[in-house]
Amino acid sequence: MNPYIATQLPLIIGFILLLLTASLRPWKAEPFSLPISLAALFLTGLLVQTGLQPGQVYFGGSIQVTATGKSLALLCLLLTGLALLLSQNYLDKVRVHPVDWRMVVLASALGMVSLCLVGDLATLFVAYELVSIPSYVLAGFASRDPRSNEAGLKYLLLGMFASLLLLLGISFVYGATGEIHLSALGDKLALAAITNTADAEASMVFARLGLVLILAALFFKTAIAPFHTWLPDVYQGTNLASLAFISSPVKVAVFGMLALLLWGPFAPLGSLWQMALLAGMVVSVVAGNLQALTQMSLKRLIAYSAVVNGAFVLLAILAKSPNALVLYLAAYGLMSLGAWAAFMAMGTKSADVDELSDLTGMGASHRWLALGLTVVLFSFAGIPLTVGFAAKFAVLYAAVHAIPTLPAGTVAVLVLLVLSSLVSFYYYFQIVRSIWFAKVEPATSVPVAGLQRTLLWNYATVLAIVVFLALTLGFFPRLVGL
Amino acid sequence: MTAIQPILLILSLFAPLAAIVLHATYSGDGKGHARLAVIFHLGYGALLIVLSVLNLYSGLYMVSRGDGIPFGFAGFTFEPSLYLNPGNAPLLLLMGISLPLTFIWLRDREGRYGVSYYVSANLLVFSLVGVFVSQSLILFYLFWELALVGAYFWIGMHGRAHSYTPMVYPALARFALMTLLGSLPMLLSIVLLSASAGRDPGLFGIKTVLQVMDPWARWLAFSGFALAFTVKLPLLGLHGWLRDTYNVSPAACRTLLSALMSKMGAYGLVFILAAGFVEESRILAPYFQIICVVGAVYGGLLCLSSERFADILIYSSLAHLSVIGLGVFTAVGSEEMYATGITGAVFLIFSHGLIMTALFAFDARITVSGESPSIHSAGGLRAGQGRLSALLLLSIFASASLPGLSNFAGEFMVFFSAFGVSPWLTFFSAAGVLIVAAALVRAYHALFLGERENPSPVKQAADLGIGETVLALGLAVLWLVLGLYPMLFVGPVQKAFLIPGLGGM
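Chains as they are written, first to last, in my numbering: chain S, 1 to 482; chain D, 483 to 987.
Treat the hints with care, as some may be off.
DSBU-like, lysine-lysine: derived pairs with alpha carbons at most 30 Å apart [to be verified]:
1) S:439 to D:941
2) S:154 to S:93
3) S:439 to D:513
4) D:513 to D:977
5) S:93 to S:349
6) S:70 to S:349
So the derived label-pair ranges between C-beta atoms look like this [what the hints assert, rightly or not]:
7) S:368 to D:485: 39 to 47 Å
8) S:183 to D:722: 54 to 62 Å
9) D:652 to S:143: 52 to 60 Å
10) D:817 to S:267: 30 to 38 Å
Source of the hints: derived by calculation from the structure; they are not laboratory data.
A virtual CB, placed ideally from N, CA and C, is assigned to each residue, including glycine.
Produce the complete structure using the sequences and hints provided.
Right, here's the structure in full:
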């Protein structure tokens with residue numbers, strides 16, 4: 001059997017089994033959907049790892065395996081597995097049918113694996129939509145919650161707008177070169193860039209326009225400022241289980257796709273996208289940090305911090321360092337899941353933690369949970385011994401190494417990025433302060449008093465896995481080496 | 483004797499982690515934790531003293547590498563190596579003496595503090611020793627940041643607000659953010675050096691790597707380190723965090739911040755800026771010298787204008803640390819004076835650390851609450867605290883660089899080095915130190931001499947116990963020995979700074 005098809009089969013079979021479960025036991029509690037989903041992800045991961053080798057091409061170039069793409073696919077599957085684990089118990093709380101939810105997640109996972117391995121523009125768009133459309137559904141899944149509906153609609157409308165921009169960009173690029181295969185596209189663009197005929201110049205104009213549209217679409221999707229304004233609203237309205245999925249593996253897949261596009265076919269247009277990335281980085285760190293400073297809502301705070309983290313991912317892409325990119329995305333994806341796991345665990349039986357003050361006294365009432373969340377926050381901030389530090393160091397190291405090949409002004413942006421971390425320390429430390437230093441006043445202790453007394457096993461397991469990986473990769477970042 | 487030193491070095495580094503585990507698993511009450519801390523730090527202090535004295539007088543230059551450990555990532559190698567030589571051994575000796583004294587003099591008699599107090603304290607201790615013995619720059623940075631984490635939790639969880647510093651967190655946030663304002667650029671500097679070398683160049687490789695770097699990269703790297711060290715010391719202009727942070731800290735934390743943590747900045751000036759960034763430091767030395775001299779005078783004036791005894795100590799620290807900075811920056815400005823200025827600075831680092839341990843600890847022992855008294859609020863305290871007042875006076879004399887006590891020799895070397903650059907540097911910085919001495923003596927006079935009001939406006943604590951007094955006398959003997967025969971210390975340290983590649987130019 002075609003090894004690529006083999007990697008997709010477990011997810012498809014899992015999807016069908018979940019469909020059957022949903023049909024046979026509608027609206028009834030069932031113990032099958034989680035193990036089926038996890039098994040499907042595990043088998044796909046196993047087959048990607050053993051069956052696909054870098055350099056392999058399938059379906060006439062529609063699928064192209066690279067070492068970076070393969071690592072990103074595995075990372076997405078791992079993060080999806082953890083997000084699925086988190087969904088247990090939580091979906092009942094927000095009255096979402098677990099089987100339906102997991103089915104949508106498996107469909108999106110199918111798209112993510114393909115997105116990391118795409119070889120042509122048509123497959124890219126299909127995979128992108130296969131990732132995106134389930135995300136819109138997930139954002140608005142808690143249909144009885146008006147904020148969830150608002151988040152879903154906002155995400156859908158802006159997401160569709162981004163998809164259209166992407167499609168338009170792809171059309172321009174195809175029109176300019178007459179090519180959809182990524183490797184051939186790169187060759188044609190490189191040839192056109194050094195050819196001085198009028199046709200070639202016209203082609204380059206359209207190709208550049210196409211690239212600008214593609215970048216705008218992907219900046220939208222990955223919430224790079226100034227295209228990030230939708231993110232806090234969507235984060236705030238989306239239930240935590242869906243958010244864990246949207247903010248972690250989905251983001252990793254789209255960032256990965258952006259990197260593979262820019263490093264591959266669009267390498268000849270480097271001068272254009274390098275400037276765009278630099279601009280995106282500057283605006284993201286400034287806007288993200290400044291807006292995060294004033295947030296009292298935890299979800300919005302993490303949303304703005306995601307914008308800032310996006311700037312570091314762009315730096316890894318700018319530096320053309322697959323190692324730094326994968327390490328940073330792994331760190332970011334894991335820490336996001338860790339934060340959501342801790343927030344889920346701190347929720348009451350009827351409501352999630354929302355405000356910063358909801359964590360007041362957590363250090364005293366839930367010491368181990370608080371320690372886990374502190375490690376996650378330290379990793380976000382980039383404190384040494386955590387994977388967050390290793391990832392930031394790797395990205396900065398790669399960027400400094402690549403400075404001779406990068407546009408003038410990169411050094412200034414690097415300094416800005418590093419100094420802006422100071423601001424992010426402030427808001428991460430605000431959370432640490434709430435957890436450990438703030439004294440519990442009787443009037444503000446309502447959320448803590450209403451906590452679930454027994455910590456649910458799945459939240460604790462995911463947080464423990466995240467903390468273990470954060471520290472292990474913090475000590476040995478080489479484990480993520482490609 | 484040389485074979486055992488690498489083992490002792492590793493033990494010295496990791497022992498505070500064992501203390502963390504001990505406290506975390508100990509189920510006794512606060513008093514039990516306090517006893518455990520005293521016992522541990524007596525043993526740990528002895529270990530540090532043995533190691534540093536062995537190293538100082540055996541003259542061993544030791545670097546223990548961690549080759550083959552898969553740190554770093556693809557394309558980047560990082561050897562987690564440690565070092566010890568007579569250049570940095572005085573810092574371990576300082577820790578070895580200061581830690582047990584702090585944990586004995588300021589032990590928690592009421593049993594107020596639990597696990598988190600001792601875990602964060604030992605995390606700070608672990609980081610401090612790590613900073614002073616790390617040869618790898620990444621390791622150095624790691625411990626540098628961990629020290630902030632330890633101090634942050636120690637102050638955040640156990641700090642206290644007062645009428646003069648009404649809130650803990652704003653003071654703590656200022657401390658953390660200002661420290662990070664220095665340390666984050668330092669991270670970029672380490673990245674720049676590492677990217678140029680293709681690996682972590684280590685403390686001793688900085689000078690070599692700089693030779694292959696572009697001028698902009700060299701200056702950027704220098705700026706990051708300089709900012710980190712001058713904030714931590716702190717130098718004038720970057721001292722905004724100093725007073726409030728010290729005031730809200732628990733007494734033991736305040737003592738260690740002044741005696742040891744400020745020495746992280748001084749250590750960086752001596753071992754990284756002066757030894758690594760020779761050319762850059764030399765070019766900027768005149769500007770730094772002026773900042774240091776103004777800092778010494780300004781610190782003295784702040785002492786004069788302060789009313790609380792702790793504030794006077796805090797600003798005296800600013801003045802004395804500026805003198806340490808002056809020693810470093812006059813040394814880098816002149817090849818002839820290099821060893822003298824740097825050795826004077828290291829001598830002062832050591833001596834100032836010991837004196838501040840005593841001063842801050844005795845200050846916290848004056849009142850029952852541990853709050854520092856205002857010089858206008860009390861008088862005649864000597865009547866109830868004869869031993870404490872006598873030892874405090876001796877510490878003030880030591881701090882005032884009375885000839886025959888340890889600070890004198892260090893300051894003499896620094897002023898001698900500064901005189902070679904410009905007599906005015908010596909004149910003004912000595913004036914600053916004299917003003918500090920005057921302010922301290924004035925405060926002592928107001929607090930301890932004269933008639934005690936009845937009832938006393940401050941609730942006076944019990945006097946020092948016999949054992950505590952014996953320890954203080956032992957410290958006084960050390961000051962006397964170093965004051966009368968400084969070559970005991972200066973000889974081995976100076977040798978370290980005369981050898982190229984090991985701190986020498």
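What are the numbers of the hints the structure violates, in ascending order?
Violated hints (numbers, rising): 4, 6, 9 and 10; every other hint is consistent with the structure.
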